[in-house]
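Enquirer: Here the structure of chain P is known, so what remains is to put chain D in place on it, guided by the hints.
There are 2 protein chains.
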Amino acid sequence: MAKQGLLIVISGFSGAGKGTIVKQLVSQYGYSLSISCTTRSPREGEVDGKDYHFKTREEFKRLIDYNGFIEYAQYVENYYGTPRAFVEEEMAKGNHVILEIEVQGAMNIKRQYPEAVLLFITAPSAGELKARLEGRGSEDTKAVEKRMKQAIVESNSMSTYDYIVVNDDLETCVKHIHDIIDAETSKSCHKVDFIEQIKQELKEIGKE
Amino acid sequence: MAKQGLLIVISGFSGAGKGTIVKQLVSQYGYSLSISCTTRSPREGEVDGKDYHFKTREEFKRLIDYNGFIEYAQYVENYYGTPRAFVEEEMAKGNHVILEIEVQGAMNIKRQYPEAVLLFITAPSAGELKARLEGRGSEDTKAVEKRMKQAIVESNSMSTYDYIVVNDDLETCVKHIHDIIDAETSKSCHKVDFIEQIKQELKEIGKE
Numbered sequence: 175m176a177k178q179g180l181l182i183v184i185s186g187f188s189g190a191g192k193g194t195i196v197k198q199l200v201s202q203y204g205y206s207l208s209i210s211c212t213t214r215s216p217r218e219g220e221v222d223g224k225d226y227h228f229k230t231r232e233e234f235k236r237l238i239d240y241n242g243f244i245e246y247a248q249y250v251e252n253y254y255g256t257p258r259a260f261v262e263e264e265m266a267k268g269n270h271v272i273l274e275i276e277v278q279g280a281m282n283i284k285r286q287y288p289e290a291v292l293l294f295i296t297a298p299s300a301g302e303l304k305a306r307l308e309g310r311g312s313e314d315t316k317a318v319e320k321r322m323k324q325a326i327v328e329s330n331s332m333s334t335y336d337y338i339v340v341n342d343d344l345e346t347c348v349k350h351i352h353d354i355i356d357a358e359t360s361k362s363c364h365k366v367d368f369i370e371q372i373k374q375e376l377k378e379i380g381k382e
Numbered sequence: 175m176a177k178q179g180l181l182i183v184i185s186g187f188s189g190a191g192k193g194t195i196v197k198q199l200v201s202q203y204g205y206s207l208s209i210s211c212t213t214r215s216p217r218e219g220e221v222d223g224k225d226y227h228f229k230t231r232e233e234f235k236r237l238i239d240y241n242g243f244i245e246y247a248q249y250v251e252n253y254y255g256t257p258r259a260f261v262e263e264e265m266a267k268g269n270h271v272i273l274e275i276e277v278q279g280a281m282n283i284k285r286q287y288p289e290a291v292l293l294f295i296t297a298p299s300a301g302e303l304k305a306r307l308e309g310r311g312s313e314d315t316k317a318v319e320k321r322m323k324q325a326i327v328e329s330n331s332m333s334t335y336d337y338i339v340v341n342d343d344l345e346t347c348v349k350h351i352h353d354i355i356d357a358e359t360s361k362s363c364h365k366v367d368f369i370e371q372i373k374q375e376l377k378e379i380g381k382e
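Protein sequences, first through last, are from chains P and D.
Using my numbering, read the first sequence as starting at 175 and increasing by one per residue.
Using my numbering, read the second sequence as starting at 175 and increasing by one per residue.
Hints should not be assumed to be uniformly reliable.
Same chains, same label: a pair holds when it works inside one copy or across any pair of copies.
[Stated by the list, open to error] Lysine-lysine pairs mimicking DSSO-like chemistry, simulated, CA-CA at most 27 angstroms apart: (1) LYS320 with LYS373; (2) LYS192 with LYS361; (3) LYS320 with LYS377; (4) LYS177 with LYS377; (5) LYS349 with LYS381; (6) LYS229 with LYS373; (7) LYS316 with LYS381; (8) LYS197 with LYS361; (9) LYS381 with LYS192; (10) LYS373 with LYS316; (11) LYS235 with LYS323; (12) LYS284 with LYS381; (13) LYS349 with LYS316; (14) LYS224 with LYS235; (15) LYS361 with LYS323; (16) LYS284 with LYS323; (17) LYS377 with LYS323; (18) LYS320 with LYS381; (19) LYS373 with LYS361; (20) LYS235 with LYS284; (21) LYS373 with LYS323; (22) LYS377 with LYS316; (23) LYS192 with LYS373; (24) LYS224 with LYS192; (25) LYS229 with LYS377; (26) LYS349 with LYS197; (27) LYS224 with LYS377; (28) LYS197 with LYS177.
If you are wondering where the hints come from, they were derived from the structure by calculation, not from laboratory data.
One chain only, chain P, in its complex shape:
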């Protein structure tokens, strides 16, 4: 049996650097990135199939009916979902799949895939998080405040994640996440076939 890939869920505070980290994990280490479906309209510069799969509400609902999502949720009036086919096919090929999703979606994933690895990315401190959001320049004071309020809510779910990863230095952080994923592959729950095989071999040698 081919080795199954891992399901890696990455969440974190806005401004913690999730997006850049995920891009690096994909480009440096070749992880497969799941692209979410959404019913919201593309923003300027967003590319269909790269940033999101943009769907009409009708298309999205049909996908729900056909069990096409491993998780989906409604935010404000838009739907967001993780397509099942890509995730399951990649994992079956032995590729590790990264989902960059919100806290609510992450919890849904953990219920369905208890062996999924949940990582929460944070800045070293709340002050640093605020400084990074302000430093973006693209967001006014109100937007920064909104994101900081959202962070308070999200922080209540941090302890339900498997790992808390502090993004202090990007390169170190990306390498550390890769090491975490590599360590996870040696978890005994992912070694069930190997354990069975060696038990069988030991018994056969014992009979000789």
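Expert: Below, chain D alone, put in the same frame as chain P:
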């Protein structure tokens, strides 16, 4: 609060290379190695305080009475135990402590320290394990057979370990164990203080 070190339990088949791996982890990465107490007589070349702390039965029993062991067990007519003071002091200093102990002791540790990291070291296959034991030269056919029988029993506990580490190439294996331990430090259960701190900071900034 200073960061607490981790408790690392290493078990594995005889012939899988545990001893060499542990030595490398200590010398390359500076992990603290717990030395067991035993009532058995020193074998040729064994040094008191380095290989074991050699104790009389009376001394050992007094240590049991004073809660001096985090785990102990009797094998044949000898006692073996892990001294509590060293382990707890090193962990309090923030040092990761390695225990190289048998399956039974490992299970005792996990009950008392649910956050202990249990690693099981194995050769890539049962055939390779046998070849390594035979290659040692120091053991006759009967001793090899005895160790292979013991491996059958131990293999039934493999799935209760957190990680199964295949020792194919020594250097790769040692590095992989170091990465596993490094990944473990980011587990959310070891980040309780950090999570509380960032939650507090976020709330304070929210009030401003």
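Enquirer: Work down the list of hints and note, for each, if the structure agrees.
Expert: For each hint, the structure was consulted:
1. LYS320 with LYS373: between (56 angstroms within a copy, 16 angstroms between copies)
2. LYS192 with LYS361: For LYS192 and LYS361, both the intra-copy (25 angstroms) and inter-copy (18 angstroms) Cα distances are at most 27 angstroms.
3. LYS320 with LYS377: This pair counts as between: shortest inter-copy Cα distance 13 angstroms, intra-copy 62 angstroms.
4. LYS177 with LYS377: within (24 angstroms within a copy, 44 angstroms between copies)
5. LYS349 with LYS381: neither (46 angstroms within a copy, 36 angstroms between copies)
6. LYS229 with LYS373: neither (50 angstroms within a copy, 36 angstroms between copies)
7. LYS316 with LYS381: Answer is between: at 14 angstroms across copies they meet the 27 angstroms cutoff, but 74 angstroms inside does not.
8. LYS197 with LYS361: Close inside one copy (26 angstroms) and across copies (23 angstroms); limit 27 angstroms.
9. LYS381 with LYS192: between (54 angstroms within a copy, 26 angstroms between copies)
10. LYS373 with LYS316: between (61 angstroms within a copy, 21 angstroms between copies)
11. LYS235 with LYS323: neither (31 angstroms within a copy, 58 angstroms between copies)
12. LYS284 with LYS381: neither (43 angstroms within a copy, 33 angstroms between copies)
13. LYS349 with LYS316: neither (34 angstroms within a copy, 47 angstroms between copies)
14. LYS224 with LYS235: within (21 angstroms within a copy, 67 angstroms between copies)
15. LYS361 with LYS323: Only across copies: LYS361 and LYS323 sit 25 angstroms apart there, 36 angstroms inside one copy, limit 27 angstroms.
16. LYS284 with LYS323: Answer is within: at 25 angstroms inside a copy they meet the 27 angstroms cutoff, but 39 angstroms across does not.
17. LYS377 with LYS323: Intra 59 angstroms, inter 8 angstroms, cutoff 27 angstroms: inter-copy only.
18. LYS320 with LYS381: between (68 angstroms within a copy, 13 angstroms between copies)
19. LYS373 with LYS361: Close inside one copy (17 angstroms), not across copies (30 angstroms); limit 27 angstroms.
20. LYS235 with LYS284: Intra 23 angstroms, inter 47 angstroms, cutoff 27 angstroms: intra-copy only.
21. LYS373 with LYS323: Cα proximity of LYS373 and LYS323: across copies only (11 angstroms, versus 53 angstroms in one copy).
22. LYS377 with LYS316: Close across copies (17 angstroms), not inside one copy (67 angstroms); limit 27 angstroms.
23. LYS192 with LYS373: Between copies, since 19 angstroms is at most 27 angstroms while 42 angstroms is not.
24. LYS224 with LYS192: within (16 angstroms within a copy, 47 angstroms between copies)
25. LYS229 with LYS377: neither (55 angstroms within a copy, 37 angstroms between copies)
26. LYS349 with LYS197: Both ways: LYS349 and LYS197 sit 13 angstroms apart in one copy and 26 angstroms across, limit 27 angstroms.
27. LYS224 with LYS377: The answer is neither: 51 angstroms in one copy and 36 angstroms across copies each exceed 27 angstroms.
28. LYS197 with LYS177: within (24 angstroms within a copy, 31 angstroms between copies)
This entry does not satisfy hints 5, 6, 11, 12, 13, 25 and 27, going by the numbered hints stated previously.
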